[in-house]
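Enquirer: Each chain, written out:
Protein chains: 2
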Amino acid sequence: MEVRNLSSALIAEDAGALLDQALERWTAILGPDHVILDQPSRTAAETATFATCQTIPAILKPGSRDEVQECIRIANRFRIPVYPVSSGKNWGYGSRVPVIGTCVLIDLSRMNHILDFDEKLAYVTVEPGVTQRQLFEFLQARQSRLWMDATGSSPECSLIGNVVERGFGHTPYGDHFAQVCGFEVVLPTGTLMETGFCRFPAAHAGPVYRWGAGPTLEGLFSQSNLGIVTRMTIWLMPAPEHFEAFFFQCNRADQLAPLMEALRPLRMQGILRSTVHIANDYKVLAGIQQYPWQETGGETPLRPELMAQLRTRLKFGAWSGSGGLYGTRGQVAEAKRGIRKALRGSVDRLQFLDDRKLAFASRFAKLYQFLTGWDLSKTIELARPVYGLMKGVPSEQPLAGAYWRKKTVPPANMDPDRDGCGLLWLAPVAPLEGHHAELVAKIATETLLKYGFEPSISMTLITERAVACVISICYDRHEAGQDDQAMTCYQYLRHELTDRGYYSYRLGIQAMAEMNGADGYADLMRVLKNAVDPNGVLAPGRYQAGESGASKAASKAIAKA
Amino acid sequence: MEVRNLSSALIAEDAGALLDQALERWTAILGPDHVILDQPSRTAAETATFATCQTIPAILKPGSRDEVQECIRIANRFRIPVYPVSSGKNWGYGSRVPVIGTCVLIDLSRMNHILDFDEKLAYVTVEPGVTQRQLFEFLQARQSRLWMDATGSSPECSLIGNVVERGFGHTPYGDHFAQVCGFEVVLPTGTLMETGFCRFPAAHAGPVYRWGAGPTLEGLFSQSNLGIVTRMTIWLMPAPEHFEAFFFQCNRADQLAPLMEALRPLRMQGILRSTVHIANDYKVLAGIQQYPWQETGGETPLRPELMAQLRTRLKFGAWSGSGGLYGTRGQVAEAKRGIRKALRGSVDRLQFLDDRKLAFASRFAKLYQFLTGWDLSKTIELARPVYGLMKGVPSEQPLAGAYWRKKTVPPANMDPDRDGCGLLWLAPVAPLEGHHAELVAKIATETLLKYGFEPSISMTLITERAVACVISICYDRHEAGQDDQAMTCYQYLRHELTDRGYYSYRLGIQAMAEMNGADGYADLMRVLKNAVDPNGVLAPGRYQAGESGASKAASKAIAKA
Numbered sequence: 001m002e003v004r005n006l007s008s009a010l011i012a013e014d015a016g017a018l019l020d021q022a023l024e025r026w027t028a029i030l031g032p033d034h035v036i037l038d039q040p041s042r043t044a045a046e047t048a049t050f051a052t053c054q055t056i057p058a059i060l061k062p063g064s065r066d067e068v069q070e071c072i073r074i075a076n077r078f079r080i081p082v083y084p085v086s087s088g089k090n091w092g093y094g095s096r097v098p099v100i101g102t103c104v105l106i107d108l109s110r111m112n113h114i115l116d117f118d119e120k121l122a123y124v125t126v127e128p129g130v131t132q133r134q135l136f137e138f139l140q141a142r143q144s145r146l147w148m149d150a151t152g153s154s155p156e157c158s159l160i161g162n163v164v165e166r167g168f169g170h171t172p173y174g175d176h177f178a179q180v181c182g183f184e185v186v187l188p189t190g191t192l193m194e195t196g197f198c199r200f201p202a203a204h205a206g207p208v209y210r211w212g213a214g215p216t217l218e219g220l221f222s223q224s225n226l227g228i229v230t231r232m233t234i235w236l237m238p239a240p241e242h243f244e245a246f247f248f249q250c251n252r253a254d255q256l257a258p259l260m261e262a263l264r265p266l267r268m269q270g271i272l273r274s275t276v277h278i279a280n281d282y283k284v285l286a287g288i289q290q291y292p293w294q295e296t297g298g299e300t301p302l303r304p305e306l307m308a309q310l311r312t313r314l315k316f317g318a319w320s321g322s323g324g325l326y327g328t329r330g331q332v333a334e335a336k337r338g339i340r341k342a343l344r345g346s347v348d349r350l351q352f353l354d355d356r357k358l359a360f361a362s363r364f365a366k367l368y369q370f371l372t373g374w375d376l377s378k379t380i381e382l383a384r385p386v387y388g389l390m391k392g393v394p395s396e397q398p399l400a401g402a403y404w405r406k407k408t409v410p411p412a413n414m415d416p417d418r419d420g421c422g423l424l425w426l427a428p429v430a431p432l433e434g435h436h437a438e439l440v441a442k443i444a445t446e447t448l449l450k451y452g453f454e455p456s457i458s459m460t461l462i463t464e465r466a467v468a469c470v471i472s473i474c475y476d477r478h479e480a481g482q483d484d485q486a487m488t489c490y491q492y493l494r495h496e497l498t499d500r501g502y503y504s505y506r507l508g509i510q511a512m513a514e515m516n517g518a519d520g521y522a523d524l525m526r527v528l529k530n531a532v533d534p535n536g537v538l539a540p541g542r543y544q545a546g547e548s549g550a551s552k553a554a555s556k557a558i559a560k561a
Numbered sequence: 001m002e003v004r005n006l007s008s009a010l011i012a013e014d015a016g017a018l019l020d021q022a023l024e025r026w027t028a029i030l031g032p033d034h035v036i037l038d039q040p041s042r043t044a045a046e047t048a049t050f051a052t053c054q055t056i057p058a059i060l061k062p063g064s065r066d067e068v069q070e071c072i073r074i075a076n077r078f079r080i081p082v083y084p085v086s087s088g089k090n091w092g093y094g095s096r097v098p099v100i101g102t103c104v105l106i107d108l109s110r111m112n113h114i115l116d117f118d119e120k121l122a123y124v125t126v127e128p129g130v131t132q133r134q135l136f137e138f139l140q141a142r143q144s145r146l147w148m149d150a151t152g153s154s155p156e157c158s159l160i161g162n163v164v165e166r167g168f169g170h171t172p173y174g175d176h177f178a179q180v181c182g183f184e185v186v187l188p189t190g191t192l193m194e195t196g197f198c199r200f201p202a203a204h205a206g207p208v209y210r211w212g213a214g215p216t217l218e219g220l221f222s223q224s225n226l227g228i229v230t231r232m233t234i235w236l237m238p239a240p241e242h243f244e245a246f247f248f249q250c251n252r253a254d255q256l257a258p259l260m261e262a263l264r265p266l267r268m269q270g271i272l273r274s275t276v277h278i279a280n281d282y283k284v285l286a287g288i289q290q291y292p293w294q295e296t297g298g299e300t301p302l303r304p305e306l307m308a309q310l311r312t313r314l315k316f317g318a319w320s321g322s323g324g325l326y327g328t329r330g331q332v333a334e335a336k337r338g339i340r341k342a343l344r345g346s347v348d349r350l351q352f353l354d355d356r357k358l359a360f361a362s363r364f365a366k367l368y369q370f371l372t373g374w375d376l377s378k379t380i381e382l383a384r385p386v387y388g389l390m391k392g393v394p395s396e397q398p399l400a401g402a403y404w405r406k407k408t409v410p411p412a413n414m415d416p417d418r419d420g421c422g423l424l425w426l427a428p429v430a431p432l433e434g435h436h437a438e439l440v441a442k443i444a445t446e447t448l449l450k451y452g453f454e455p456s457i458s459m460t461l462i463t464e465r466a467v468a469c470v471i472s473i474c475y476d477r478h479e480a481g482q483d484d485q486a487m488t489c490y491q492y493l494r495h496e497l498t499d500r501g502y503y504s505y506r507l508g509i510q511a512m513a514e515m516n517g518a519d520g521y522a523d524l525m526r527v528l529k530n531a532v533d534p535n536g537v538l539a540p541g542r543y544q545a546g547e548s549g550a551s552k553a554a555s556k557a558i559a560k561a
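Chains as they are written, first to last, in the working numbering: chain A, 1 to 561; chain B, 1 to 561.
The reader is advised that the hints may include incorrect statements.
Since the list can't tell identical chains apart, any single copy or any two copies may satisfy a pair.
[Claimed, not checked] Under the rule of at most 25 Å between Cα atoms (straight-line distance), these lysine-lysine pairs were calculated in the BS3-like manner: (1) Lys-341 <-> Lys-120; (2) Lys-61 <-> Lys-357; (3) Lys-120 <-> Lys-336; (4) Lys-120 <-> Lys-315.
What the hints contain is simulated information worked out from the structure, not anything from laboratory work.
Chain A on its own, in the form it takes in the complex (with noise of 0.2 Å):
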């Protein structure tokens, strides 16, 4: 790699200098509020749900496109790595901590206006800062007839942060990166661009038609240090006439396969046109509590026949979907009628839910269980903020199970970085067929209990011809040696999945070597990369191939500074 102005300048300065003097315009721009040095709101930064070592010298919230404008000049100027977050709740995968070495961080949830809103044409402009349950609430006080799509973590998320790492929700606008366009884009050396029609004046199509002319670059500013993201556009789908959920349940593990065969043809034909969640036991047993510690007598991990007999009790089975119906009445009929038909024989339970229905078993629980036998309020407990996500409704719901092995319940203002919780998350996709899916979740079964944690495993059927597969490694980080436990267990995981062709769409910080390869990808995002950011000053490391020598230079400069 080679080593340019960045290194030279460390020789020849004082890289402790050359970060006092960024902070001093860092400071003269947005203001001493808003350069954050103080110890304790830096260890938090550094803090993930896994163990790292990257450290973070400042924390700077500018408050526009701007002042981000200005804060990377003024890192190019001093050759000081920055990394910018939106929300920074990106946990299992990293939360606010940079890739490697030493970072200023960008924090720009101080962004958070929405900036443009159509209710016709169904579209939403965001800044990074602006979060799900903010959107939900902008559309509520409108009465707005159209839903969101929100992912199933913290309702405080950045709908930009949660886009631009290609994360995904429940409804048919689910695949995130599909369904947005027009960014606005800070390039590494200062420059602002836009996307799409977005770039010429005026352009009426800029919000909703997403290629543009000439070649399309959204895709280039995902999963990337290429730019940071100030603005988005992004899509929202018109409320149905009518809405339906589903549940369904599988008794046995060895029904996954099947259960895939089926419903891929559904996916295909467009009689399900949202993606479906299925979860294993594990992942829904700490949906509904935490780790059984007195039933296991503090024994870890949990063990398949204890986790048996929970199923039974509780009464849930070895795998648990659901998803939602849209359209017309007569299309969820429809959909209705073909779902029923095609999960005859691979599903033990099959339930639909709707709002009168859900309304009604909230009151008459007893009485639906005893005329049904269905235990209909553990499954409403359960069901409501699944529910929810179908109709765009952010929910806290999902996040407590980080707080899965911990021996307090989560506080009301959860915070699993603060808090201890040791979360990883692996994310590899297969094609939709039963054997992909039956395969992945053996070796993730038999790995997560190998090295004494909980298999907890969701399948998202993500388009019509992919499973996402999202693979828990929780655990108590307070608890000694469990940091390098899940560790090792995580990278034995990935590298079983690899060796197996199963590679993940989304990177933990600890994983992003992933990128590197002799492949021609790997070269031209190096080439495009040090063109882009010819002093390295953005987010180093991240879905990066290969450490530009600069980047680790002046990492290493600062963090002994």
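We have chain A already, so just place chain B on it with the hints.
Expert: Just chain B now, with coordinates in the frame of chain A:
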């Protein structure tokens, strides 16, 4: 613009000698049969459907990816600009003609292998020479249950060529660029790379999941001169249980705006899941016959008053539209109800057509007319190719429209370039709202008539939120002065549209200056081009902001040689 190695090479050596040396190497690699130098072939390749002066000193026909790599390496070595085409049928946008100066053509039509096919996961992986007809016949021969999406151009068009230009078709997979993944690309330096998960060894999800891990680069290679796409996976749709087409017409031109307002909710709510095409009277007439030389006494343009008479006589509307309904019988029936309800009052005629009805109607057209008053034989003649396109059957019929102003009938083997068909396409995109569609139609109609051409217009609801309007300037290149007149009209219309905020989704070679601008996107594209193609050898000027000094010098030098 920086002038690099290239110009110094050209100063040092004689450019003609460089070309000769390159040709010698190319011939050694490809064999003399695949290096075309004869004047008729070169002249044919230099001919588009409008006036151009760019030249092509040779045509290379590599037969494999490796040969493409070799070709481009040699181009770099001798600094010869090359211009790749897949099938070269980019009529109306420049055909095979390079954007600027002089380029050696790389014709990829020999690379016509279908490399992979999966009936279950519904995809096909192809090389750039694979045509629409070839894929259609491949699917037929296998008795596949999958449908392709065909664009309304010749069956001999390349699939990849259309995707990289971001063309569109008629089924739910009509937005072609959204339904592909796993590109293999030869970069301008000869390096090979793959996008998405395909870059990882033996990744199962390569052909089924687009985004991969890290920055997503497919967009970089569409409407671009940053690489030559040598392989691509195209997703196919499973044949639905039931298919039905609908056709509608509006008698008055001013019904367009309310029609669009009625259609948007259908598209947005998923009642309509495919592109809907709407054509004005001029477009429909050009689909049925050539210019009415007799009725007009040889005068052009065809005046609106006479057009109105022809409309009445031939029984079609000011606007005629069509779309497809795909799904179970129940889904289609439900969609029909929704469409009937939504279009009531907005259209003067609405007709549904399925295989059974079409077969019946073809046999009993006269009786049907007697019973319903609807002249079905005319409708069938018009409808059959469109009906086929909605089922993924490529058709030659729309191409005949290029012969509109010719005084001889289209030959069996149509070739608009060869036959002097004048054709310029302009394709502005607007938000899917009545007033936008109306304004674009108004500007186009007034401008074309003013310049003496027929305003042939189609409006495609390409997504839930956007309309792609295709405006054809159709003329006879053999008529003196028409080339100039058409180009003047084109440039005037382009400015009229962009001044009002309507930009084209796709550009002809004569319009690529539109990519210029002082904006950040244009700057970034220059940086990327220089980084990826340091010698400026690949398709100089193609969708490129600013011509690099290097390319300009090279083109000029070769032209002189």
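Enquirer: Take the hints in turn and mark each one as holding or not.
Expert: Do the hints match the structure? See the list:
Taking the shortest Cα distances, Lys-341 and Lys-120 sit within 25 Å of each other only across copies (19 Å), while inside one copy they are farther apart (36 Å). Taking the shortest alpha-carbon separations for Lys-61 and Lys-357, neither the intra-copy value of 46 Å nor the inter-copy value of 65 Å comes in at or below 25 Å. Only between protomers do Lys-120 and Lys-336 lie at most 25 Å apart by alpha-carbon distance; the minimum there is 23 Å, versus 29 Å within a single protomer. Proximity of Lys-120 and Lys-315 under a CA criterion of 25 Å is satisfied in neither setting, with 44 Å inside one chain copy and 34 Å between copies.
Consistency with the previously given hints fails for numbers 2 and 4, ordered from lowest to highest.
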